[in-house]
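Chemist: Spelled out, the chains give:
2 protein chains.
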Amino acid sequence: MADLLLGRPVADAIKEDLARRVAVLAEKGITPRLAVIRLGEDPGDMAYERSILRNCEKLGCAAQSIALPRDIGQEALIAKIEEVNADPSIHGCLLLRPLPQHMDSAKVCDALAPEKDLDGMGCRALGALFAGRKDAFAPCTAQACLEMLKFYGIDPAGKRAAVVGRSLVIGRPAGQLLLQADATVTLCHSRTPDLPAVCREADILIVAVGRAGMIDREHTRPGQVILDVGVNSVDGKLCGDVRTEEAAGIAAAVSPVPGGVGAVTPSVLMAHLVEAAERAI
Amino acid sequence: MADLLLGRPVADAIKEDLARRVAVLAEKGITPRLAVIRLGEDPGDMAYERSILRNCEKLGCAAQSIALPRDIGQEALIAKIEEVNADPSIHGCLLLRPLPQHMDSAKVCDALAPEKDLDGMGCRALGALFAGRKDAFAPCTAQACLEMLKFYGIDPAGKRAAVVGRSLVIGRPAGQLLLQADATVTLCHSRTPDLPAVCREADILIVAVGRAGMIDREHTRPGQVILDVGVNSVDGKLCGDVRTEEAAGIAAAVSPVPGGVGAVTPSVLMAHLVEAAERAI
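From first to last, the protein sequence lines stand for chains C and Y. Sequence positions in the first sequence follow this note's numbering and run 1 to 281. Sequence positions in the second sequence follow this note's numbering and run 1 to 281.
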């Protein structure tokens with residue numbers, strides 16, 4: 001039976017490291033400060049925001065919610081983002097997405113200063129990621145995948161990795177991070193012929209499509225490490241893209257949903273906030 | 001015997017299209033104008049610059065050389081780039097690289113306005129490429145690979161592609177462009193285990209490493225299309241990364257060096273210049 005790669009111990013290890021760094025910053029009179037920009041009052045957004053604010057508090061960081069009406073104009077939102085950019089007391093910012101349809105999402109995301117762009121939304125952060133530069137932040141969930149591998153002692157160097165799903169928040173950035181970690185990376189998607197065979201080539205398989213149960217025993221082989229980043233709701237129950245039990249009968253290790261990569265993402269956000277505060281000195 | 005994918009007909013087709021578009025712009029009183037920034041007097045740089053200026057002239061575009069001393073300070077160079085950004089008569093700019101060691105190359109490249117960054121050097125252009133946005137320019141040689149495929153009727157959609165080499169000017173951007181064209185893309189490099197086997201998986205193989213003859217019959221299979229983007233000098237003779245004759249005995253099509261992808265790059269630069277002028281209207 002495969003190892004179950006739980007997110008909690010990874011998150012705990014990251015937070016333990018961050019607590020030390022926050023204490024060092026506190027000695028210098030600095031408290032990392034996060035701004036969360038939320039448009040409208042979607043219950044999911046509000047619950048997510050509350051959990052982020054709670055994480056900040058627990059870690060000794062400051063946080064503020066900037067709640068704006070969902071029908072705010074694009075220019076007004078950009079003006080707000082520019083206020084955040086100009087405010088030296090704010091070290092990092094998270095803009096809850098998706099943005100309303102009436103906005104040019106790329107233009108809004110690009111407005112955030114790259115040094116405060118904790119979730120790697122704007123083109124400057126994404127370009128720095130693509131260029132392998134360390135002066136900007138990768139999208140948090142993509143980086144959470146790499147944190148999982150690191151914690152569990154799985155070095156991507158010299159291995160074959162496959163990423164299923166090419167979203168800009170997970171699949172594509174995870175592929176870049178794996179490449180920078182010296183994996184040979186195959187980027188798969190809906191147009192990939194014989195997906196099961198391509199997945200079986202991989203030593204490390206990262207799945208982030210958003211289709212419940214799409215990865216089964218056919219995609220799996222012995223020795224493989226599988227990170228399931230899918231988040232789906234089936235009959236009111238949260239599940240991933242991987243048929244965990246089937247995969248666990250064959251692979252070496254599988255991360256569950258819930259309790260896998262998703263449990264690491266909030267700690268990566270905190271890590272980016274603390275790093276932004278350290279860099280701002 | 002494999003088809004030989006020559007660059008010349010591709011370049012000619014691009015230039016034919018551009019000539020029409022330059023004529024349309026001329027009717028509106030607009031002449032696309034390129035600035036080439038060159039540091040120092042390297043003979044290779046100067047020859048390349050002359051050929052670019054000649055291409056502009058032939059196509060009815062304007063061009064100017066901005067020649068600066070090789071020991072210019074970084075801030076002075078950035079100030080010059082900002083002049084180019086602010087000059088509405090200049091539609092696009094090419095900064096000849098590599099820059100001198102005393103400069104932070106990324107910072108200099110980032111200074112160029114993305115709408116004038118014809119060779120996709122800066123992080124905003126690279127981020128836009130990575131995000132699949134069409135509002136910036138991809139590195140010219142990477143795009144030349146896609147122009148070759150398009151001209152010769154090879155649609156990457158649903159095919160497997162492998163890119164060998166992960167440079168920021170060819171390998172990585174070519175991988176992104178193939179992904180956007182719906183290929184399943186594998187990114188290979190010096191740490192790839194069993195490179196010949198990985199290459200043989202590919203329907204489309206793009207090689208851009210810079211090691212003469214590194215790709216031979218072992219990496220090739222029937223039906224494969226190979227683009228050789230390597231540029232090497234062996235005994236004073238120009239050659240690519242692929243043993244063209246060996247590969248041609250097995251694959252369906254191979255591009256030669258010289259006379260392959262490299263012959264298309266200058267036309268892609270011209271295409272970016274004309275597009276920049278069209279967008280500036």
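Note that these hints are calculated values from the structure, not bench results. Among the hints, erroneous ones may be present.
To be verified - Here are the simulated DSS-like pairs of lysine-lysine, each with C-alpha atoms no more than 25 Å apart in a straight line:
| id | chain 1 | residue 1 | chain 2 | residue 2 |
| --- | --- | --- | --- | --- |
| 1 | Y | Lys-107 | C | Lys-107 |
| 2 | C | Lys-134 | Y | Lys-107 |
| 3 | Y | Lys-15 | Y | Lys-134 |
Said to hold, decoys possible - Here's a subset of chain C near chain Y, in silico, CB distances under 8 Å, partners left out:
| id | residue |
| --- | --- |
| 4 | Gly-44 |
| 5 | Tyr-48 |
| 6 | Ala-128 |
Treat the numbers as computed from the prediction; the structure is a model and nothing was measured. Backbone N, C-alpha and C define an ideal beta-carbon position, used for all residues, glycine too.
Chemist: Each hint should be assessed against the structure and marked as holding or not.
Modeler: Structure-based check of all given hints:
1. A C-alpha spacing of about 22 Å is found between Lys-107 of chain Y and Lys-107 of chain C, which places the hinted pair at or below 25 Å, so the restraint holds.
2. For the proposed pair Lys-134 of chain C and Lys-107 of chain Y, the alpha carbon gap of about 13 Å is at most 25 Å, so the pair holds.
3. Between Lys-15 of chain Y and Lys-134 of chain Y the CA atoms are separated by roughly 21 Å; this keeps the pair inside 25 Å, and the hint holds.
4. Using the Cβ-Cβ criterion of 8 Å, the hint placing Gly-44 of chain C at the interface with chain Y is not satisfied: the shortest such distance is roughly 24 Å.
5. For Tyr-48 of chain C, the shortest C-beta to C-beta distance to chain Y is roughly 23 Å, which exceeds 8 Å, and the interface hint is violated.
6. At about 5 Å, the closest approach between the beta carbon of Ala-128 of chain C and any beta carbon in chain Y falls short of 8 Å, and the interface hint on this residue holds.
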